[in-house]
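Protein chains in written order, with numbering that gives the first Met the number 0: chain A, 0 to 219; chain B, 0 to 71.
These aren't lab readings, by the way, just hints derived from the structure by calculation.
Quantities reported herein were computed from a predicted structural model and do not represent experimental measurements.
Glycine is no exception: its CB is placed at the ideal position from the N, C-alpha and C atoms.
Mixed in with the good hints there might be a few duds.
[Said to hold, decoys possible] Which stretches of chain B does chain A cover? Using the computed rule of at least three CB atoms under 8 Å from a CB of chain A, they are:
1. 8-19
2. 33-43
[As the list claims (entries may be wrong)] Short, incomplete list of chain A residues facing chain B, as computed with Cβ under 7 Å:
3. 122
4. 126
5. 135
6. 163
[Unchecked claim] DSBU-like cross-link-like pairs, simulated, lysine-lysine; straight-line CA separation at most 35 Å:
7. B:11 <-> A:150
8. B:11 <-> A:207
9. B:11 <-> A:123
10. B:3 <-> A:148
11. B:14 <-> A:207
12. B:53 <-> B:1
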Amino acid sequence: MPYKLDSDQIRELVTQPETGMGYQYVEADMNDYSSLKGVVLNAEIFIPENRIEKIIGRYSLSYSAILHEAERPGYIRKIRVIEKDSMHLGETRYFEKSIGTSASEAPLSSTEKYQIFKRFSAYKDDHRIRQDGSLLPGTYATTEEDARKVKTGTDATLRYALPCDDPAVYVFTILPPEKTPVRIGVVKPANNKPGGGVEVLFENGSPKNTVTGPVTIPTT
Amino acid sequence: MKLKLNNYWTEKLLKYPETGMGYQKVDIILKSGRTIRNIVVLNAEYLDLPDQYKDLKMEEVKNLIIRTNKDR
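Chain A extracted, bound-state conformation (with noise of 0.2 Å):
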């Protein structure tokens, strides 16, 4: 089970460094004097570490899911972050696992009814569209959750760790049948951007009248 911080927690936690793009690896003394580890995403949920895996995992990173699963502020005493330094090996391998993992390295999972999906791309002409409104196998997207947070073809170059810097301004909605085969990661820093968004891929595409667009976004 996650856990809300209070607001008196969430302050002190914002104004300590982070582990890692997110969260921050902290010691949470419980209300009923047990004390856990675990991570603190957005200074906001505390997930105890045994619970990580099952948590992230399952949700495919949906924030929003989690934050409306967890128990309300009350439930933790007092928090505090794990320096770097104070790690002992292995403290994060769950959290690496589960959030750090880019979608070619994360478990296989399905799609769930009417979950959509959207892909941005530099080019109108995507060649991974087929004109058939199908996908190909091994074709990225994203969660529309994350697209949400892109606002320009610029801001997804950079959300997505693009290599060319032609702003994805083409964004094309895919809305593949329930118990489609998709990894789901996060895009690591590369080609000189920060990545961060949340990319799925599909292994083996989507059939076809699955794809719609492109809707065109701002450049910049």
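Starting from the structure of chain A, add chain B where the hints point.
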């Protein structure tokens, strides 16, 4: 500098997975025996070559080898 691939190469590349959204990475095997490593291909259509290869012609290309995702 971008070098446009013909349909033969585009169709060949599209049989392979992407390295990231909208691109693949390849090693270019030249007929001369040289290899140009880790070159981005955009939209399975354009080789994104460093300036030092600006004079490269497609006729000089013998093969394109897709790199694995770990080479990203």
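To see whether the hints hold, each was checked on the structure:
1. Only residues whose beta carbon comes within less than 8 Å of a beta carbon in chain A count, and the segment 8-19 of chain B has 6; three or more means the coverage holds.
2. With 4 residues carrying a beta carbon less than 8 Å from a beta carbon of chain A, the segment 33-43 of chain B meets the three-residue requirement, and the given coverage holds.
3. Against a cut-off of 7 Å between C-beta atoms, the interface hint on residue 122 of chain A holds, since the closest Cβ of chain B lies about 4 Å away.
4. Proximity of residue 126 of chain A to chain B holds as hinted, the smallest CB-CB distance being about 5 Å (cut-off 7 Å).
5. At its closest, the beta carbon of residue 135 of chain A sits 6 Å from a beta carbon of chain B; the interface hint therefore holds under the 7 Å criterion.
6. With a least beta-carbon distance of about 5 Å to chain B, the hint placing residue 163 of chain A at the interface is held under the 7 Å criterion.
7. Simply put, residue 11 of chain B and residue 150 of chain A have alpha-carbon atoms about 33 Å apart, close enough for the 35 Å limit, and the pair holds.
8. Restraint check for residue 11 of chain B and residue 207 of chain A: satisfied, since their Cα atoms lie roughly 21 Å apart, inside the 35 Å limit.
9. This hinted pair checks out: residue 11 of chain B and residue 123 of chain A have alpha carbons roughly 20 Å apart, not beyond 35 Å.
10. Our distance criterion of 35 Å between C-alpha atoms is met by residue 3 of chain B and residue 148 of chain A, whose separation comes to about 32 Å.
11. With a C-alpha separation of about 17 Å, the suggested pairing of residue 14 of chain B with residue 207 of chain A holds against the 35 Å cut-off.
12. Proximity of residue 53 of chain B to residue 1 of chain B is assessed by CA-CA distance (about 8 Å); at most 35 Å being required, the pair is judged to hold.
In terms of the numbered hints stated before, the structure departs from none.
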